[in-house]
Structure formats: C-alpha cells, structure tokens
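Listed in order, the protein sequences are those of chains A and B.
Just so we're aligned: 24 in the numbering used here is position 24 of the first sequence, and the numbers increase by one with no gaps anywhere.
Just so we're aligned: 85 in the numbering used here is position 85 of the second sequence, and the numbers increase by one with no gaps anywhere.
Listed next, the in silico DMTMM-like pairs over lysine to aspartate or glutamate satisfying Cα-Cα at most 25 Å (straight line): (1) 56/A to 5/A; (2) 57/B to 5/A; (3) 42/A to 78/A; (4) 56/A to 100/B; (5) 100/A to 100/B; (6) 42/A to 82/B.
Simulated coverage check for chain B against chain A, where a stretch passes if three residues somewhere in it have a Cβ under 8 Å from a Cβ of chain A: (7) 47 to 60; (8) 100 to 111.
Read the hints as simulated data drawn from the structure, not as lab findings.
Every residue, glycine too, gets a C-beta built ideally from N, C-alpha and C.
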Amino acid sequence: QKEVEQNSGPLSVPEGAIASLNCTYSDRGSQSFFWYRQYSGKSPELIMSIYSNGDKEDGRFTAQLNKASQYVSLLIRDSQPSDSATYLCAVNNGPNVDYKLSFGAGTTVTVRA
Amino acid sequence: KAGVTQTPRYLIKTRGQQVTLSCSPISGHRSVSWYQQTPGQGLQFLFEYFSETQRNKGNFPGRFSGRQFSNSRSEMNVSTLELGDSALYLCASSLGRNTEAFFGQGTRLTVV
Numbered sequence: 001q002k003e004v005e006q007n008s009g010p011l012s013v014p015e016g017a018i019a020s021l022n023c024t025y026s027d028r029g030s031q032s033f034f035w036y037r038q039y040s041g042k043s044p045e046l047i048m049s050i051y052s053n054g055d056k057e058d059g060r061f062t063a064q065l066n067k068a069s070q071y072v073s074l075l076i077r078d079s080q081p082s083d084s085a086t087y088l089c090a091v092n093n094g095p096n097v098d099y100k101l102s103f104g105a106g107t108t109v110t111v112r113a
Numbered sequence: 001k002a003g004v005t006q007t008p009r010y011l012i013k014t015r016g017q018q019v020t021l022s023c024s025p026i027s028g029h030r031s032v033s034w035y036q037q038t039p040g041q042g043l044q045f046l047f048e049y050f051s052e053t054q055r056n057k058g059n060f061p062g063r064f065s066g067r068q069f070s071n072s073r074s075e076m077n078v079s080t081l082e083l084g085d086s087a088l089y090l091c092a093s094s095l096g097r098n099t100e101a102f103f104g105q106g107t108r109l110t111v112v
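Let the hints inform the model, and build the full structure from the sequences given.
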C-alpha cells in the first residue's frame, strides 16, 4: 500500500467551476498535511497546510481533513486558467517514527477557458 | 525574506562521475530535506537533516549521501553516476517536524 494516494487525473474543469482533489494516507499517526502546486518545469509551491480535522479556507482554496477516514482533500473554487498545474498531497509521518514527508503522485488539473 | 536557494540550477555529468548539490535553507530553518523527482517515480524522499544530524534516510543506494553544516546549509553527493540518476533534485527547508516545508528551485541533473 502506498503511503499517500491521490485520485488519478488528469482533471479537466471549466473556468469558474470547482475542482475537487482527494488524497488518502496510510499512517494513522500522521499529524500534518499539505497541498503543493507545481507548474510544469517548476518546483512545488506550498498552498495549504492543515493539522486538525475539519475545513480550512484560504482565498479560493479549501482543505478538508478527516483523520478517522485518513482522508484529506482540496477544493479550488472559481477555477482560473492559472490554476492549471499538478497538485501534490504531502503527509508528515507520525511522532514515533523518524521525520519524513511523503508525497502522492499528484493530480494534474487543467482549467478550460 | 530569502527563500530556499539551490545551486547549481542545471548540471550535465557523464556516467561514473560524481556530483555535489548545495542547498541554503530559509534563515532560521534547521531542517533540510532532499527529494528526487522523476516523471515515473514522482517525488521520492532521499534524506532529512536537522542540526547537522541525519534523522531519516529514504530507500536509495549508498551512492547518495548528504551532510549538513552548522549554519544549516546542506549538500548532497551522488557518486558513480548512472543514467537513471537523471532527475530534478529538490531541497526543502522547515523549522522542524510537522511544520511547513518550502522548496528551492531545484537542480536538474542530466547524466549522459
């Protein structure tokens, strides 16, 4: 079982729509969760972090965490062409193991104008 | 506030050579992690250093090594380069466990 799994893409959405990205993780002791955006040929850029169950909103982005289900998601509202990128889910492992940030394979989002 | 700086940005090496990549973290960050990114394998964890100590190592051969200096700057070394080592090598810095990690621009290594 992979440590972090993301819904397979690519995901194509029309401009102005909501893009929904999902991620599951295997380490039940994981404590911190992140979403990165990576444009083609660039390095990952942190866009959201979430540490406790529930929703966290930042502008057009909302991250949702459900530790019981080992599930984290990212919603992009009012999608813009500039949101076209690969989105990476990252999970920090639990407190009883050595430090490691594990990444999903990424979901490529294309926003159609 | 300066971000994470990686040098060089691009490298072309021949099989069998060795290479050293450098990473300067954000000021005040003591944790530095290294990752390899390839189209087929995605982002793979190489190792993490905190206060000059390696705290964890990923599943890579011993040809991959690293170190961290007292000013938190880090280097990684790859010896006896193979064609399969061609990748984007990324460094990320953070304050420590469970805090946000920020990436540098990466070093694109091509082995020919």
